[in-house]
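Asker: One-letter residues, chain by chain:
Number of protein chains: 2
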Amino acid sequence: MAKELKELTSREENYSQWYNDLVVKAGLAENSAVRGCMVIKPYGYAIWEKMQRALDDMFKATGHVNAYFPLFIPKSFFSKEAKHVDGFAKECAVVTHYRLMNDPSGSGVVVDPDARLEEELIVRPTSETIIWNTYKNWIQSYRDLPILVNQWANVVRWEMRTRLFLRTAEFLWQEGHTAHATRQEAIEETERMVRVYQDFVQNWMAVPVIIGHKSESERFAGAEDTLSIEALMQDGKALQAGTSHFLGQNFAKAFDVQYTSREGQLDYVWATSWGVSTRLMGALIMAHSDNNGLVLPPRLAPTQVVLIPIYKGDEQLKQITARLDEIAGELRALGVSVKVDDRDNVRSGFKFAEYELKGVPVRLVIGPRDFENGTIEVARRDTLTKEVRSQEGLAEYVKNLLDDIQDNIYQKALKFREEHTVKVDTYDEFKRVLEETPGFVLAHWDGTPETEEQIKNETKATIRNIPVDAPYEEGVDMISGKPSTRRVLFARSY
Amino acid sequence: MAKELKELTSREENYSQWYNDLVVKAGLAENSAVRGCMVIKPYGYAIWEKMQRALDDMFKATGHVNAYFPLFIPKSFFSKEAKHVDGFAKECAVVTHYRLMNDPSGSGVVVDPDARLEEELIVRPTSETIIWNTYKNWIQSYRDLPILVNQWANVVRWEMRTRLFLRTAEFLWQEGHTAHATRQEAIEETERMVRVYQDFVQNWMAVPVIIGHKSESERFAGAEDTLSIEALMQDGKALQAGTSHFLGQNFAKAFDVQYTSREGQLDYVWATSWGVSTRLMGALIMAHSDNNGLVLPPRLAPTQVVLIPIYKGDEQLKQITARLDEIAGELRALGVSVKVDDRDNVRSGFKFAEYELKGVPVRLVIGPRDFENGTIEVARRDTLTKEVRSQEGLAEYVKNLLDDIQDNIYQKALKFREEHTVKVDTYDEFKRVLEETPGFVLAHWDGTPETEEQIKNETKATIRNIPVDAPYEEGVDMISGKPSTRRVLFARSY
Numbered sequence: 232m233a234k235e236l237k238e239l240t241s242r243e244e245n246y247s248q249w250y251n252d253l254v255v256k257a258g259l260a261e262n263s264a265v266r267g268c269m270v271i272k273p274y275g276y277a278i279w280e281k282m283q284r285a286l287d288d289m290f291k292a293t294g295h296v297n298a299y300f301p302l303f304i305p306k307s308f309f310s311k312e313a314k315h316v317d318g319f320a321k322e323c324a325v326v327t328h329y330r331l332m333n334d335p336s337g338s339g340v341v342v343d344p345d346a347r348l349e350e351e352l353i354v355r356p357t358s359e360t361i362i363w364n365t366y367k368n369w370i371q372s373y374r375d376l377p378i379l380v381n382q383w384a385n386v387v388r389w390e391m392r393t394r395l396f397l398r399t400a401e402f403l404w405q406e407g408h409t410a411h412a413t414r415q416e417a418i419e420e421t422e423r424m425v426r427v428y429q430d431f432v433q434n435w436m437a438v439p440v441i442i443g444h445k446s447e448s449e450r451f452a453g454a455e456d457t458l459s460i461e462a463l464m465q466d467g468k469a470l471q472a473g474t475s476h477f478l479g480q481n482f483a484k485a486f487d488v489q490y491t492s493r494e495g496q497l498d499y500v501w502a503t504s505w506g507v508s509t510r511l512m513g514a515l516i517m518a519h520s521d522n523n524g525l526v527l528p529p530r531l532a533p534t535q536v537v538l539i540p541i542y543k544g545d546e547q548l549k550q551i552t553a554r555l556d557e558i559a560g561e562l563r564a565l566g567v568s569v570k571v572d573d574r575d576n577v578r579s580g581f582k583f584a585e586y587e588l589k590g591v592p593v594r595l596v597i598g599p600r601d602f603e604n605g606t607i608e609v610a611r612r613d614t615l616t617k618e619v620r621s622q623e624g625l626a627e628y629v630k631n632l633l634d635d636i637q638d639n640i641y642q643k644a645l646k647f648r649e650e651h652t653v654k655v656d657t658y659d660e661f662k663r664v665l666e667e668t669p670g671f672v673l674a675h676w677d678g679t680p681e682t683e684e685q686i687k688n689e690t691k692a693t694i695r696n697i698p699v700d701a702p703y704e705e706g707v708d709m710i711s712g713k714p715s716t717r718r719v720l721f722a723r724s725y
Numbered sequence: 232m233a234k235e236l237k238e239l240t241s242r243e244e245n246y247s248q249w250y251n252d253l254v255v256k257a258g259l260a261e262n263s264a265v266r267g268c269m270v271i272k273p274y275g276y277a278i279w280e281k282m283q284r285a286l287d288d289m290f291k292a293t294g295h296v297n298a299y300f301p302l303f304i305p306k307s308f309f310s311k312e313a314k315h316v317d318g319f320a321k322e323c324a325v326v327t328h329y330r331l332m333n334d335p336s337g338s339g340v341v342v343d344p345d346a347r348l349e350e351e352l353i354v355r356p357t358s359e360t361i362i363w364n365t366y367k368n369w370i371q372s373y374r375d376l377p378i379l380v381n382q383w384a385n386v387v388r389w390e391m392r393t394r395l396f397l398r399t400a401e402f403l404w405q406e407g408h409t410a411h412a413t414r415q416e417a418i419e420e421t422e423r424m425v426r427v428y429q430d431f432v433q434n435w436m437a438v439p440v441i442i443g444h445k446s447e448s449e450r451f452a453g454a455e456d457t458l459s460i461e462a463l464m465q466d467g468k469a470l471q472a473g474t475s476h477f478l479g480q481n482f483a484k485a486f487d488v489q490y491t492s493r494e495g496q497l498d499y500v501w502a503t504s505w506g507v508s509t510r511l512m513g514a515l516i517m518a519h520s521d522n523n524g525l526v527l528p529p530r531l532a533p534t535q536v537v538l539i540p541i542y543k544g545d546e547q548l549k550q551i552t553a554r555l556d557e558i559a560g561e562l563r564a565l566g567v568s569v570k571v572d573d574r575d576n577v578r579s580g581f582k583f584a585e586y587e588l589k590g591v592p593v594r595l596v597i598g599p600r601d602f603e604n605g606t607i608e609v610a611r612r613d614t615l616t617k618e619v620r621s622q623e624g625l626a627e628y629v630k631n632l633l634d635d636i637q638d639n640i641y642q643k644a645l646k647f648r649e650e651h652t653v654k655v656d657t658y659d660e661f662k663r664v665l666e667e668t669p670g671f672v673l674a675h676w677d678g679t680p681e682t683e684e685q686i687k688n689e690t691k692a693t694i695r696n697i698p699v700d701a702p703y704e705e706g707v708d709m710i711s712g713k714p715s716t717r718r719v720l721f722a723r724s725y
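If you're matching them up, the sequences are chains A and B in order. With our numbering as the guide, the letters of the first sequence map in order to residues 232 to 725. With our numbering as the guide, the letters of the second sequence map in order to residues 232 to 725.
Extracted from the complex, chain A is given alone in its bound form:
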């Protein structure tokens, strides 16, 4: 077994360390020399690129176009929207100077004190303010609406405690910013995009999610309503995987963006914003992986199938590799991404462990006996099972197998979530569940920030969201005993 693999901490031993080990050892990302900023390594970035491509296609299919806005935001912009300033103008990277000079004492470079900016610039933590300041010039009439723009960008939030992918000072994301003539249209957009996220996370990442409204205290700073998708990780903690905000007319008012309606009336524009980030990488890793390494859903795996020869001597290596190359060609013709690993300086056991660690969904192996018999070993990463079958019709078989694996990974995650979602009616039970079998807890809530706060302080569990499809059910709040008409989703979270 490969050395790297031996060093992977097990989930049971230390879940948090297992996650970090996995991210680093599978070559996804690592910490950089800059506090809180990560390096996304080629293998991790290849997965992110697949995510980007799929999401971008979905955005375009729903009528959106991409654009790019400045990295820097003048400090004063944050003060324009009252709630936004409290939410975002806090832990930020602040640019105060625009020049370095040689240190007069001769030791390296120092900041040139004469090159101080008149107004400090903030490295964007999110772009509502700079974008609405821009939209002001783009929108005069109803004919200019809707504006359906998305941006792929880096953003910076000066987090004190960071974790690779899950919480980093700089991260990559997309942020959609749309402008509409009516409240109704903006609300529909908010809902449309959270459903696009659900579609992507479930059907590409194979992670089931619950759509719901955030409680007022967890809402985006400046939003009238925030919809989120919430996923459950293997340690029973929730992870917010994406959000879509109905911003009302708040930013239009803050930046004075009005339009003339068809009827000639002047009104403020309605807004939405929505985003997902490299945090999704964290969700992908944590939802499916095991003690052998990553488990990647085939639709996002940079390499879907690896082909490995087992051989004695150069002649066999050549023969078997030639056969594997043929099979690889057939798979490529079906649109499958494959890799033939014919390295002769590492043992096949090392290769097996390496591709398990990297989460390659299917491994195909031909040994000397297979070569003679026209058979091949097919191993699945998700179930760690293997079978020997005929080489005939293999490409089609593997193509279908990838679909099965995609579905199986999703079903497994769904089953886990269902087994870790419980309804509770008393606070004692609530606390016991969180300690003993952590996961999603559905409980009644009286809708007040007070009980929400108390529960958070006492149990570290928060309201993840108020599910949009929660059925009507009469009940009472666990703590206050006040009436409630539907259950909300609680969990401890990332």
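In case anyone wonders, no lab produced these hints; they're calculated from the structure. All values reported here derive from a predicted model rather than from experimental measurement. The beta-carbon is built from N, C-alpha and C at its ideal position, and this holds for glycine as well. Wrong hints could be hidden among the right ones.
[To be verified] Facing chain B, a subset of chain A residues (Cβ under 8 Å, in silico): (1) V270; (2) Y276; (3) Y299; (4) P305; (5) S310; (6) C323; (7) V326; (8) V380; (9) N385; (10) V387; (11) E401; (12) F583; (13) V653; (14) Y703; (15) P714.
With chain A's structure known, arrange chain B on it following the hints.
Answerer: Below, chain B without anything else, positioned relative to chain A:
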């Protein structure tokens, strides 16, 4: 004629104003509220996305993978490579603080003086330092080499005078950073990538370029050799469209990156870096466009063909649009990107002007008579010519026409460059050409920075590069009279 178009300054009147008008009015980009930073608008970004996709495919076809490194670089990193510090640690955005707070006086937010960073962070102007600091941990043995990594990112250089796309404080680019075991391999990579750039700029952007070595004074700070591609704009000025640097062992030594060779010897790693940026958008616009607006090469045009009905009354509009939709479907099936513009609230003359302004390569128009006769008007943006032809076999015809247009635009630019490239042998002639018929000037140079400097100061012309395919030719320097063995490429430049 549309209002926007009337307001487009002509090239002859004011070239610089024409360029700026065009960028803004065609919806490519605009200045933002942040000094020197632009907003890339959806139409401009759509072209950039096409560039990115084509380049990214070319990088991957030559064995490169993408990764992502931090936006911020610790100030001290710049001091590690002696020349690099002079070149890049000057006009930079400097992050000094990580927190804002409410102004005690109650007016907005201010920088929290307690949140000063121990070491300032520089917003990357280029990433050699942070990347080689990272490579240090990735490279131990010859087995870890080569590293062929590219990054798509934003960078910031605090330029004093900015122009949309051509020179902005923040811009988007890709930067390749490769590590090799041998000097020869790194030199080959440097050459390979400048040829990839040439291929892209010539075959996608339809702009001919000249590959050559930069003179020592124009070299990238920290490079042993810089290769560039130089294009000629319609005003006779040169534009450096891309660079590829052979960095020797300079960054490996600065960041102590050594590897053990196959023979067990320890040696420093050899490096290259190469990049192109949103500046290419400026080259694309300036190389081909005219007083009617943009002229886009079909391979980069977001919309390649626009279809417009001319009609009287709703019935005709419906009939003709239905026919146009059929044709659009046939074109889409051939992989052509099309748009049917059946808006009934703007006149067709307005539409014609709008798509001319936006540089859509082909316009197809069906009027009532065409509808009856089975004919269609085909108009080319590049030549501004039109013809009426049968609707039969139209899709194939248009598909081929797009290839012809791509080629014609390139040939036109090539012809322009050839007509504006002259050999001169005396300094008087040199100065006269620059004043009267500006363009590329091929002249002998004695290879010293002194004459280079003198020419630059007296004429504003610089050595664009020393063409790699310049034939051996004995001559003498225009100024010093010292011997020279080949001509170098001079021009005034962007």
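Asker: Could you run down the list of hints and mark each one as holding or not?
Answerer: Hint check results:
1. V270: holds (5 Å)
2. Y276: holds (5 Å)
3. Y299: holds (4 Å)
4. P305: holds (6 Å)
5. S310: Interface hint status for S310(A): holds (4 Å vs cutoff 8 Å).
6. C323: holds (6 Å)
7. V326: holds (5 Å)
8. V380: holds (6 Å)
9. N385: holds (6 Å)
10. V387: holds (7 Å)
11. E401: Holds, because the Cβ-Cβ distance from E401(A) to chain B comes to roughly 5 Å (cut-off 8 Å).
12. F583: Since the shortest Cβ distance to chain B is 19 Å, the answer is violated.
13. V653: violated (40 Å)
14. Y703: violated (43 Å)
15. P714: violated (39 Å)
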